[in-house]
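Protein chains in written order, with the working numbering: chain E, 1 to 575; chain Y, 1 to 307.
Just so you know, not all the hints are guaranteed correct.
Stated by the list, open to error - Which residues of chain Y face chain E? A few of them, derived with a C-beta cut under 8 Å, are:
{"id": "1", "residue": "N97"}
{"id": "2", "residue": "D107"}
{"id": "3", "residue": "E233"}
{"id": "4", "residue": "A241"}
{"id": "5", "residue": "E242"}
{"id": "6", "residue": "D280"}
{"id": "7", "residue": "I295"}
What the hints contain is simulated information worked out from the structure, not anything from laboratory work.
All residues carry an ideal CB built from backbone N, CA and C; glycine is no exception.
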Amino acid sequence: MIKKQYTGSARRARNIIWNAAGRYDFDPPFLAFYPNGKPDRYFNMVAGLVQKWLDMPRLWDFFARYGDDRRADEFDDLLWLGLENCVYEKELGERPILEQLRRDRAAEFFAEQQNLSRQQMEYQSMTVYTQQEYRWASVGGRRTPLLSPREKRMAEALRFSGALDTDGVLDAMGAFLRDFFRWDATRKNAAPKPANALARLLLRHEHKRIDRLLVRVGTGEGDHEKAVQQRHAGLGRHVAPTAEDEAYVQAVFGRCTVSEPERRILENELCVGRDANCRLWITKGEPVETADRDALEVRRSAARQRARNEAYFAEHSAMIRHSVRALSTRLDAVFSSYFRHLPEPSRSGRLRSEAAYRLSVLHDTRIFLRDGEQTEPQLCVDLLLDASQSRMNVQETLSVESYIIAASLEALRIPVRVCAFRSLRGYLVLEVLKDWRQRDCRGVLRYYAGGWNRDALAVETLGRLNDDPALHGRQRLLLVLTDASPNDSTPLSGEGLRLSREYEGAAAVQAAQEAVRGLRASGVGVGAVFHGNTSHLENAQQIYGHACVRIRTAAQLAQGVSDLTLLLMREKITS
Amino acid sequence: MNLIYSFLEAEGVDKSLLEGVRAFCERYPTEPENAPRVPAPEYYYYGNKTWELALAAILAGKNLLLAGPKATGKNVLCENLGALFGRPVWNVSFHINADASYLVGTDTFDGKQVTFRPGPVWLCAAKGGFGILDEVNMAKNEALAVLHAALDFRRSLDVPGYEKIDLRPETRFIATMNYGYAGTRELNEALTSRFAVLDMPVITEENLQKLISRRYPNINVRLRDQFAKLYGELERKAGSAEISDAALDLRGLLDAIALMEQGIASGDALEMCVVNKSFDAYERGLIRDVIAARIPTDLTRDVVFSA
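Next comes chain E alone, as it looks inside the complex (with noise of 0.2 Å):
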């Protein structure tokens, strides 16, 4: 019933929790789901009541502390039942619907009875099962089942009442399992252990043990969110690059497209102040001849990902053929609101003092303008992919957004580039996936994430790559994808840190910001289309301010992508 870890119908699950604590700032320790996968709606709530009307974290905390009990799952259920009876008698004042809810769950439970196989029958706890089936009968107005005094006892101290408070009901809890499970939550050894704690974080989090670059390594957790958090380990950091390291750049991801001179005045523009430790690595992915068996295996596994990417790609062609139709379609709307419009002679409008005399000479009176259906297109779209570590567990729908979006605006003549960012080794590596002049967009499934992301530097950089004649004059946009979580192995550098500051949290996030805020000044709309945690959903707002959409899926990118530049034309064009 309750189940500590995140499945598809995650967030929706999580959705009915928050919205039932009327708070969205915490993520929920424990998820209800039926057995068919979907989210059990009211436990859902129950789960929601009790971070609304208890302490939840003093809660987890002895949750925690059977964690490693074989019993474990037993008592989660057992002790949901009397939570459950708690919180309902505190809501129902205020939510009267709580009286029906309870019924309808009680008539789900037996009807789902119903449809366990006998596996699932046998799997079950009988104690657990006997007292579930003897709280939803007496809820739902059925004949209740016999139960032996002892579970009678139980169930009756299951019955944790609504006027408890969290003491209270930490008590009631800590009383059932002692009383019935012989299980005592004051012994020493019930605290949560070290080592455990260690293990769950590692989990948790992947640790960076040295700084190359690691193509699929997942959590092992499976987080809802398809993010993986990337965290420093401390020893990993990266001071300054080397010519080893170098090397080994350009071993994975191919040979620098800027000539060197260029590159060099480049990173003295750039790779300054926050980013002095930093080189930059502008690249077609034109490969070079190499040794390095760590290079071979990243750009053996890379081969991979793409394989992977294109067969994402044939699998889901219709649905991808249908996104480009509907995005160019709301694109080409906006554009065509946006963009001049070129004038034409009407009877009504601005005078053409030029054209008056025709009016008394020829009895023409269509001596006005006005503005007509033609428009006159002048713009340029960047798309800038994060492809950090961070996104591993979405590339094959990264790569096919990015061809959506890319797609659909090549469809309007808008020219378009993609690129991918990610850093390594001190190396800020902007991969061009996609140029402006190319009219197949199918180069941005070459996509695959492994690396860091150093947000700032790649926006800056990318800022200043405006490198074909023909595309100047015309207004630019950045749109780029990312999940707003700036993290780099090389640390913040610059006058008055005297002791170095890693790249992550607040500070990379106070970077990116700087950074959208510069390019802005220069007259480039930039947007976000954020894709990832809804912990880093701030951050997102904080770099981006307002030009931000957030989609969870590929069928939202056309409505998300279009509103995105529908915002950024109104802003270019009406400042």
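Please build the complex by placing chain Y on the supplied structure of chain E, with the hints as guidance.
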């Protein structure tokens, strides 16, 4: 005085401001030919502080800019102000292609000669009306520059090639602008400085209860409270970007109650007027979950309206 005046008295809006309104109305009575343009609002705006700030600005001769997210009652307040002061209202909906001629007027040929066809801003200035500049931040700044002289101390409107007119003293402009998560741009400084800016608060649960009660006096009080709470929950969900603000539609909620009054079951009414405002299937699921946690789907008219 009119109904809305009595409503404000009952709500406890500052008496001296209401006296000011009375004096204004006596000094500038509604001309009979303009009477059809004076709004007769269906809904009243609730929120005493906002009312007092808006009244003070209008009485001081200032133009008002109502800024706030969706469903905060900006247009309701505009209409209410027009009705309270008894002024004819010209509503100008801004769009990106709105230009000076759209606002002030344009040349046209009347069969004999080129003449000036006045636009809503010109008419408002000449007839002493309230000009509602709806979604003012949708327009290009150069289109709005034509309003600068009308909105500041000069209070005049100069139409190139035609005459310059002075605004009548009772003329006011009330602009609205929306902002939000994926919202709209900010207004430029030159224009903003010509308005007193009123940041519109989101309607409180208590005021929403009053609003529902006033519109549907027979509604069951317990259910009314649940509808108000439901709206608050949707607002929190949209605020945390879990759903778009498509379903955060106060009009939609009131429309749903209107449908229930017509005999539609609560589930269907809310589905039509709230859930279906979102065109994303997943998002609709989230909205349904919020509704299911507050309102039963099978409520009939007799239950909803059993005061």
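Verification of the hints:
1. Using the Cβ-Cβ criterion of 8 Å, the hint placing Y:N97 at the interface with chain E is satisfied: the shortest such distance is roughly 6 Å.
2. The interface hint given for Y:D107 holds, since its Cβ lies 5 Å from the closest Cβ of chain E, which is under the 8 Å cut-off.
3. Residue-level restraint check for Y:E233 holds (minimum Cβ-Cβ distance to chain E is 6 Å; threshold 8 Å).
4. Against a cut-off of 8 Å between C-beta atoms, the interface hint on Y:A241 holds, since the closest Cβ of chain E lies about 5 Å away.
5. Checking Y:E242 against chain E by beta carbon gives a least distance of about 6 Å; that is within 8 Å, so the hint holds.
6. For Y:D280, the interface hint holds, since its Cβ comes within 8 Å of a Cβ in chain E; the closest pair sits about 6 Å apart.
7. At its closest, the beta carbon of Y:I295 sits 7 Å from a beta carbon of chain E; the interface hint therefore holds under the 8 Å criterion.
In terms of the numbered hints stated before, the structure departs from none.
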